[in-house]
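Just so you know, the protein sequences line up as chains U, X and B, in that order.
Going by this note's numbering, the first sequence opens with residue 755, and the numbers climb by one from there.
Going by this note's numbering, the second sequence opens with residue 45, and the numbers climb by one from there.
Going by this note's numbering, the third sequence opens with residue 46, and the numbers climb by one from there.
Calculated from the structure, these hints are not laboratory results.
A virtual CB, placed ideally from N, CA and C, is assigned to each residue, including glycine.
Be careful, since some hints might not be right.
Claimed, not checked - Negatives, chain X to chain U, calculated, CB over 12 Å: (1) I46; (2) G96; (3) N98; (4) Q101; (5) F110; (6) R183; (7) E191; (8) E216; (9) S219; (10) Q223; (11) E228; (12) I245; (13) R247; (14) R248; (15) E274.
Claimed, not checked - Below, in silico cross-link-like pairs of lysine-lysine (DSS-like), each with a Cα-Cα straight-line distance of 30 Å or less: (16) B/K151 - B/K165; (17) X/K227 - U/K1091; (18) B/K450 - X/K160; (19) X/K104 - B/K165.
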Amino acid sequence: MGKKAEELPQYKQFAEWIENRHDYAKKWQQNNGGKVVGYLCTYVPEEILYAGGVLPVRILGSHEPESITRPYLHDMYCPFCHDCLAQGLEGRFDYLDGIMLAQSCLHLRQVFFTWEERVPVDWSYYMHFPHGVNNNHAAEYLKGELEKFKVAVEEWTGTTITNKELDDAIEVYNKNRQLMKQVYEFRKLENPPITGLHAMEMVISSQMVDKKEHNEVLESLLEDLKDAEVDRDTGTRLMIIGSEDDDREFFKMVEYEQNYSATFVFEEHCTGARYFWDEVRPEEDRLMAIAKRYVNRVPCPAKDWPTYGFYGRRRFNWIEKWVKEFNVDGAIIMQQKFCDPHELDIPSLRELLDNLNIPHLFLEFDITVPVGQFRTRVEAFLESIGEDDLFF
Amino acid sequence: MITAGIDVGSKYTKAVVLKNGAEIVGYANIRTGMDHEKSAREALEEALKAAGINRDQVDKIIATGFGKTSVPFADDEISQVVAAGKGGYFARPSTRTVIEVGAEESRGIKLAEDGKIRDFALADKCAAGAGSFTDAMARYLEVPLEEFGQLSLRSKGAAAMNAQCVIFAESEVVSLVHQNVPKEEISRAIHDAIADRVASIVRRVGIEDDVLVVGGLANDPGFIDSLKRELNTEVYLPEIIAPEYIPALGAALMEE
Amino acid sequence: MAKEFKVEPLKVWNDFKKYREQYYRDYLEAKDNGAVRWAGSAWAFDAVPAGLGEDVYPLTGEPYGATVAFFKDFSRRALEKAERAGVPRDLCGYLRNYWGSIMMDKYVLTDGTEVEPFPKPDFNYTIHICCTHAKWYHRAGELEGDVPTYAVDISVGPGYLLDDRKINYVVRQLEDSIKWMEQITGREYDDELLIKAVLAEADSMSTWAKICKLNQNIPAPLEEKSMFTLYALLVLHRADPRVAELYNKLYEETQDRVKRGIGAINNEQFRFLTDNPPPWAFLNVYRYLEKEYGAVSLGSVYTFGLEGAWLGMDEKGETWRWEPAPTPEEAGVEISNREDALRWTAEFNLRYRPGWQHPYSHKIRKIETLQMIKDWKADAMIMHLNRGCELWAMSELEVRDYLVKHNIPVATYEGNMADPREFDEARTWNVIDSFMESLGIKKLSKQ
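Kindly generate the complete structure, drawing on both the sequences and the hints.
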């Protein structure tokens, strides 16, 4: 037998990276003499920054109450965007050389504009980006924006980004995606050696560190996972579906601290599969290849809607596939309060899950997750799924 | 000249009697009943009694507060913002930011050097940032309201609570109780949350020293302590009269 | 004491009201005559479905949502119906009224008459700019029973940063949408009708801008509450030549009012601007300001910019020009085929529609608003912190801060354009009284 799954050093590494994200970025700057850019939404084409010797890091919140964003952001804008802006205003990202956003929801756009104006930063870039990613012309439009973006990065860094550098960056990024998908494969096992907590920490940390370094840890993790010893009861196999949600307390509670056994076998959100599932398919026109990757990726609901002859939601096709492949028993719809794009999908999502016979629990969270209250509801949910099993 | 200001608040009705626009000669505070006019009359009578002045000696009566329109015997009325601004400036002329926290509402008022109102912001409709929230929470924790603030001061740590919405805040308090968090800490968490909420509104007008806190909740030392920490600046209470009388005082000053 | 101005009712008023009444009836009855009906955002490319024939009737969702909101009881039932089905309360207010109306299977006419069932469209056709539009009609289509939906993505940035590739992106989608409509309806598309509609659209939108501009006069010939009724035809069917004609009539009449010194209110002593869709069920905010203070609302980036065509930002993105945008005729452009027409309508809307410039920065809306205050000689801004629309609420607080820094007095009140439950009358009067008192403006009754 191999190592105990819960004690794998790679899991500790992921968590440490997250906890020390700011120190990591500062050290990276020193050691590499390179620039660090904070980005606000996962539609940012990181490959181009990376090819230019820039480290892209994702700006996430801290899950602490704050009182400094309300002069700028409406109350009815989501807690996540408030939290992100608070980080900037409080100077926690003061080491960033630049910030950027690829056109996303209105909430994050506002954060970007206010940050750009009120938090001192050397460089900022707002990338226009198609919302209609399901239509045939989106990649062509995006490619034009990527061309402009590449020039802007070159001008800022005083370098020229060569095809070779783009190829290398694409390779590093694709590898990261492939490796994380391989880790996800282990989640299909009857007793997965990785819980949702660690899986999410793997993905979040990948958004904060140099992917090359992340790849090394992933490779060693894959070795260890092959014969890792699972000494926990998997219990109900859960999938999380929903908006931005990087709060780890909730995962800890569900998987480690409540009365029923349960394990997340899939996270559909943007600190989960939506972030890394799709690779760049190399083609001669590198920027077009990158454009297609971002247009064709598992969409955020903000960009997932009908067009010519397509009346579905592309994301739902993925959800259906994952539910089956990962043998999901129940889904938790984790909804960031005030996140409109997700809210708009929820009535249809409930219908989808009902049709798939997947029981679901809807939880709405704020800047902090009310763990105590959610525990009661999760326990009741798990209990009801257990009862169903008795009858089948 | 004798003027009287009456502030018909949602919980209490306050009256202040002023001589020559300069000297406070009487004041009173009674619970607001269903009949606002009656409450206003009673508060005025009590304040006049304290001042030893007869009703017919009063030259002008000015009403303010949410019930200001239901005081038919008043000669005039004045908005809460202007009343709190005037009263605050009179109580402490170096004031540039007035923070008023009443039972149901809180607001920030920015004053110019001459006391004129430059800007103001009212709390949004969600009620997590006002006095009645402490009342409810003190009741829930079975602590007398007077002790609730003191309890907060004795807290050794701070449990984080998010009170952007009163519904969420209440459920978080329930969670804290279930987790056996000491009452001191819960009280502190509640006060921090209200201070947080109030501060986020006042920040819309910008915090400029001196900051004066008025309204009923200013009497709660736990809240004041939290607010200082949140704003990271000194905050003052009026010295000439208790903080809940400031809008009534401002109304009495209207003729000035 | 406020100066007295002459006032007169508008002669065209009833024509506008009648058009609106008839519009909702036409849509309702269209199927009796085998006509085509479609539904979608008021920002949809209205001219494009016009090529399907002379008998094409739209139902635009935002105005319909506002109409529902106006009938508080119907609205409450619609909102509750949607909420019971799990629709979150913080979503777009219009959308919740609209979905709720479909879910109740009831349609409301402008006189409050309730009709069953909800008349479903042949197709949904919209644009997508905020986070809501495409998804609104997508779900509506599902609720209506698989009504096909097409959304044109217009997220290509502000007009002054347009380039050919961006314009092409929108034009290609419009071309596709024509093929799609032909398939859905089985009709052959008529380019001549498209051209006619595109010309009417430009005429309606530019003429509205000219009308708004006349409000720079003292006294203002129009006030915003009436303008909400007047601008409605633009959000209903601006590409209808009859609509263009009505705006031209209104323009003439307003010019005449200015010439003769006719005011919108007789006691104008204070001029202010607003910034957002109003709380539709509580337009008495405007009457209160008028009656109590002689305060006239001159307009807003919303009323002027939702459907008016303005030059807007200059090429450098530094100066906002509140000048009406040229129609094809004024620009000397001839539109002779489908490609020309689609390119014109795409570019005209992308470039000159202020409401489409906002979601790409705070800067645009700040400069635009301050310029409006100057050009319309406004004394102050009264903002509606509108919980009902995230797009119009965007940048609001940053604009507030910007105006205050430029010594423009600003008051804010909370509400929701389409959810009457989120408006508190007493609090709002309190804000208004506090604001006016703080500015030293006395009530007319106390002067």
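Those earlier numbered hints the structure runs against, lowest number first: 8, 9, 10, 12, 13, 14, 15 and 19
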